[in-house]
Amino acid sequence: MNGNQFLALGAFDWLGILIALLTLFVLADAFAGHYRSGFENKSQYAPFLSGGLLIIASLSAVVFPSAAWTISALEIAGWIAVASGLIGFGFHHFYGIVKKPAGYGWLLHYLMYGAPQLAPLALSATGAMALVAARGFASETEIFGLGLRVALLIFVAVALFGAILQAAVLHYRGAFNNPAMYLPLTAPLITVATCFWVILSPGVASATTVLTIFLWLTLLTGFVGLGMHLRGFDRQMGGLYVAVFNWLEGPPAFAPALFAGFAAVGLVTVYLL
Amino acid sequence: MNKQAETGGTVMNFGQAVKLLKFGAPLHPILVHFTIALISASLLFDAVGFLFNVSSLLIVGWWTLALAFAVTVFTVATGVKSRLNLPIAEGEARSFLRSHMALGLIFFGMLLAITIWRAAIWQANDSLSWWYLLAAGATAATMSLQGYLGGELVYRYGTEVEGDFRHLPEENRKTNPPSLYPKSAATEEGEKGGAG
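If you're matching them up, the sequences are chains A and B in order. Residues in the first sequence are numbered from 1 upward in steps of one, following this note's numbering. Residues in the second sequence are numbered from 274 upward in steps of one, following this note's numbering.
Since the hints were made in silico from the structure, they are not lab data. Cβ atoms here follow ideal geometry from the backbone N, Cα and C, with glycine treated the same way. Check each hint, because a few of them may be wrong.
[Said to hold, decoys possible] Heads up, incomplete: computed chain A residues facing chain B, CB under 7 Å, no partners named:
| # | residue |
| --- | --- |
| 1 | L226 |
| 2 | R231 |
| 3 | D234 |
| 4 | A243 |
| 5 | V244 |
| 6 | W247 |
[What the hints assert, rightly or not] Below, in silico cross-link-like pairs of lysine to any residue (SDA-like), each with a Cα-Cα straight-line distance of 20 Å or less:
| # | chain 1 | residue 1 | chain 2 | residue 2 |
| --- | --- | --- | --- | --- |
| 7 | A | K100 | A | G52 |
| 8 | A | K100 | A | R36 |
| 9 | A | K99 | A | S37 |
| 10 | B | K354 | B | K292 |
| 11 | A | K42 | A | G52 |
| 12 | B | K354 | A | A253 |
| 13 | B | K354 | B | F296 |
| 14 | A | K99 | A | G52 |
| 15 | B | K354 | A | A205 |
| 16 | B | K292 | B | Q396 |
| 17 | B | K354 | A | K99 |
| 18 | B | K354 | A | V244 |
| 19 | B | K354 | A | A28 |
| 20 | B | K354 | A | V242 |
| 21 | B | K354 | A | G96 |
| 22 | B | K354 | A | G52 |
| 23 | A | K99 | A | H109 |
| 24 | A | K42 | A | I97 |
| 25 | B | K354 | A | G38 |
| 26 | A | K99 | A | A28 |
| 27 | A | K42 | A | G96 |
| 28 | B | K354 | A | L9 |
| 29 | B | K354 | A | H229 |
| 30 | B | K354 | B | P299 |
| 31 | B | K354 | B | A339 |
| 32 | B | K354 | A | K42 |
| 33 | B | K354 | A | F245 |
| 34 | B | K354 | A | G250 |
| 35 | B | K354 | A | W247 |
| 36 | B | K295 | B | A343 |
| 37 | B | K354 | A | K100 |
| 38 | B | K354 | A | Q236 |
| 39 | A | K42 | A | F91 |
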């Protein structure tokens with residue numbers, strides 16, 4: 001990749017596209033989960049409003065990168081997504097564990113079978129990345145006192161770690177019945193550690209090389225997960241021929257794409273920033 | 274739809290031929306050929322261009338791969354669509370199908386990775402490396418396995434094959450089809466004698 005551009009798009013253009021894609025994946029899985037519970041609570045519609053806004057704002061910023069209103073819109077949408085994700089995390093925790101019979105007494109059970117505790121934070125993660133992208137589109141170099149490259153690597157590491165934890169809980173529920181279910185605990189975990197190695201040792205070329213390799217492996221891990229989750233649908237009665245039922249009851253269709261997406265954000269950071 | 278010609282008659286004019294046209298054929302089996310051909314061609318162009326230092330072949334190698342990626346997005350999407358329409362019960366064929374589905378997205382991830390890599394090489398005007406060719410070769414090998422699984426689904430198990438065609442009259446006869454080389458009268462006599 002040449003300088004700050006890849007295929008005529010800069011780092012923040014790619015970031016905007018990836019944020020839109022990641023948010024779309026998060027919303028697709030959120031829709032499956034919330035539809036399954038029948039949108040019992042009106043707040044279950046919230047991620048689609050905040051996420052939809054984030055998708056529109058990030059794509060607008062890519063199309064009109066020099067317009068001040070797109071940058072402001074992206075920043076506002078980013079903050080709304082961060083807040084929406086945090087509130088969702090609270091709701092998932094309260095309605096998914098605290099308010100359930102026996103509450104914390106059955107913590108492991110509700111972590112596995114209740115609302116996915118960390119899923120809403122994926123929306124917060126994409127919102128946080130949007131905040132970085134907004135600064136980048138505005139030609140600023142810092143956010144919260146950190147360089148944009150460092151901030152993005154921190155967000156990638158934290159988001160990946162959250163995805164790993166959530167996958168670990170759900171794969172534990174599935175008794176790791178296929179060896180491929182251990183994959184989220186391999187390359188992605190090393191990627192998280194390597195992100196912090198790069199942050200703490202700036203200028204160490206070997207650290208960046210190792211990070212790049214593991215980001216690519218994490219990206220591929222995401223696609224292995226997508227394939228295996230698709231296979232997981234088809235292990236159920238009727239398979240994809242009974243599409244809606246098995247989509248709702250099977251493994252989360254797009255969750256592995258988050259690994260690929262966060263890794264792609266890391267690769268953009270490493271190569272273009 | 275009038276299928277008279279298919280069930281015994283002969284197509285006599287253009288109008289009858291038009292009536293036999295069917296739209297809504299599965300697109301996946303059509304598109305896979307583009308994916309397979311373009312990726313194989315890209316690997317071949319790149320390998321020959323790299324080994325014999327032919328820059329024009331390397332350019333073709335990149336654009337062929339770029340086109341392959343664009344087509345493969347639709348190949349994957351139509352594959353999922355095909356599965357949605359397939360009322361296949363549990364059994365041997367379905368296990369092939371499951372492997373085909375899982376490997377499809379893994380292959381797509383590999384294709385995405387090598388396309389980004391190849392685009393970066395093309396953009397920087399760098400030369401190819403053995404590492405790239407190795408990765409592209411691994412992707413092509415995965416594609417071959419995927420194609421084999423898909424081929425088995427169609428040609429061994431007949432998934433999405435309607436099977437509505439005119440059968441040869443021989444199919445309804447109880448005897449074997451006539452042999453290609455007529456047996457001699459002496460041999461036939463011998464067979465008759467043996468049978469009696």
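Hint check results:
1. For A/L226, the suggested interface contact is upheld, since its CB lies about 4 Å from the closest CB of chain B, less than 7 Å.
2. With a least beta-carbon distance of about 4 Å to chain B, the hint placing A/R231 at the interface is held under the 7 Å criterion.
3. Hint on A/D234 holds. Least Cβ distance to chain B is approximately 5 Å, under the 7 Å limit.
4. The interface hint given for A/A243 holds, since its Cβ lies 5 Å from the closest Cβ of chain B, which is under the 7 Å cut-off.
5. The restraint placing A/V244 at the interface with chain B is violated, with a minimum CB-CB distance near 10 Å, outside the 7 Å limit.
6. Here the hint on A/W247 is broken, as its CB sits about 10 Å from the closest CB of chain B, past 7 Å.
7. For the given pair, A/K100 sits about 30 Å from A/G52 by alpha-carbon distance, which is inconsistent with the 20 Å threshold.
8. This hinted pair checks out: A/K100 and A/R36 have alpha carbons roughly 17 Å apart, not beyond 20 Å.
9. Among the hinted pairs, A/K99 with A/S37 is consistent with the structure: their alpha-carbon atoms are about 16 Å apart, no more than 20 Å.
10. Between B/K354 and B/K292 the CA atoms are separated by roughly 26 Å; this puts the pair beyond 20 Å, and the hint is violated.
11. As the CA atoms of A/K42 and A/G52 are separated by approximately 17 Å, the hinted pair is consistent with the 20 Å bound.
12. The hinted pair formed by B/K354 and A/A253 meets the criterion: a straight-line CA distance of about 15 Å does not exceed 20 Å.
13. Taking the CA atoms of B/K354 and B/F296, the gap is about 15 Å. The hint holds against a cut of 20 Å.
14. Of the supplied pair hints, the one linking A/K99 and A/G52 is violated, its CA atoms being roughly 29 Å apart against a limit of 20 Å.
15. Taking the CA atoms of B/K354 and A/A205, the gap is near 45 Å; set against the 20 Å cutoff, the hint is violated.
16. For the hint linking B/K292 to B/Q396, the alpha-carbon distance of about 50 Å lies beyond 20 Å, and the restraint is violated.
17. Distance restraint check for B/K354 and A/K99: the Cα-Cα separation of roughly 40 Å exceeds the 20 Å cut-off, and the hinted pair is therefore not satisfied.
18. Taken as a hint, the B/K354 and A/V244 pair is honoured in the structure, with Cα atoms around 13 Å apart against an allowance of 20 Å.
19. Taking the CA atoms of B/K354 and A/A28, the gap is near 18 Å; set against the 20 Å cutoff, the hint holds.
20. Proximity of B/K354 to A/V242 is assessed by CA-CA distance (about 12 Å); at most 20 Å being required, the pair is judged to hold.
21. Of the pairs offered as hints, the one joining B/K354 and A/G96 is violated, with about 34 Å between alpha carbons and a cut-off of 20 Å exceeded.
22. This hinted pair does not check out: B/K354 and A/G52 have alpha carbons roughly 26 Å apart, beyond 20 Å.
23. Straight-line distance between C-alpha atoms of A/K99 and A/H109 comes to about 14 Å, which keeps the hinted pair within the 20 Å bound.
24. About 19 Å separates the Cα atoms of A/K42 and A/I97, which keeps this hinted pair within 20 Å; it holds.
25. Note on B/K354 and A/G38: the hinted pairing is violated, with a Cα-Cα distance of about 26 Å set against a maximum of 20 Å.
26. At roughly 26 Å between alpha-carbon atoms, A/K99 and A/A28 are farther apart than 20 Å, so this suggested pair is violated.
27. Taken as a hint, the A/K42 and A/G96 pair is honoured in the structure, with Cα atoms around 16 Å apart against an allowance of 20 Å.
28. Taken as a hint, the B/K354 and A/L9 pair is broken in the structure, with Cα atoms around 32 Å apart against an allowance of 20 Å.
29. Between the alpha carbons of B/K354 and A/H229 the distance comes to roughly 16 Å, so the proposed pair stays at or under 20 Å and holds.
30. A C-alpha spacing of about 9 Å is found between B/K354 and B/P299, which places the hinted pair at or below 20 Å, so the restraint holds.
31. The hinted pair formed by B/K354 and B/A339 fails the criterion: a straight-line CA distance of about 23 Å is larger than 20 Å.
32. Restraint check: the Cα-Cα separation between B/K354 and A/K42 comes to about 32 Å, which exceeds 20 Å; the hinted pair is violated.
33. At roughly 16 Å between alpha-carbon atoms, B/K354 and A/F245 fall within 20 Å of each other, so this suggested pair holds.
34. This hinted pair checks out: B/K354 and A/G250 have alpha carbons roughly 18 Å apart, not beyond 20 Å.
35. In summary, the hint linking B/K354 to A/W247 is supported, as the alpha carbons are separated by about 14 Å, within the 20 Å threshold.
36. For the suggested pair B/K295 and B/A343, the alpha carbons sit about 27 Å apart, so the restraint of at most 20 Å is broken.
37. A threshold of 20 Å between alpha carbons decides the hint, and for B/K354 with A/K100 the separation of about 39 Å lies outside it, so the pair is violated.
38. For the suggested pair B/K354 and A/Q236, the alpha carbons sit about 18 Å apart, so the restraint of at most 20 Å is met.
39. Straight-line distance between C-alpha atoms of A/K42 and A/F91 comes to about 12 Å, which keeps the hinted pair within the 20 Å bound.
Comparing the model with each earlier hint shows violations of hints 5, 6, 7, 10, 14, 15, 16, 17, 21, 22, 25, 26, 28, 31, 32, 36, 37; every other hint is respected.
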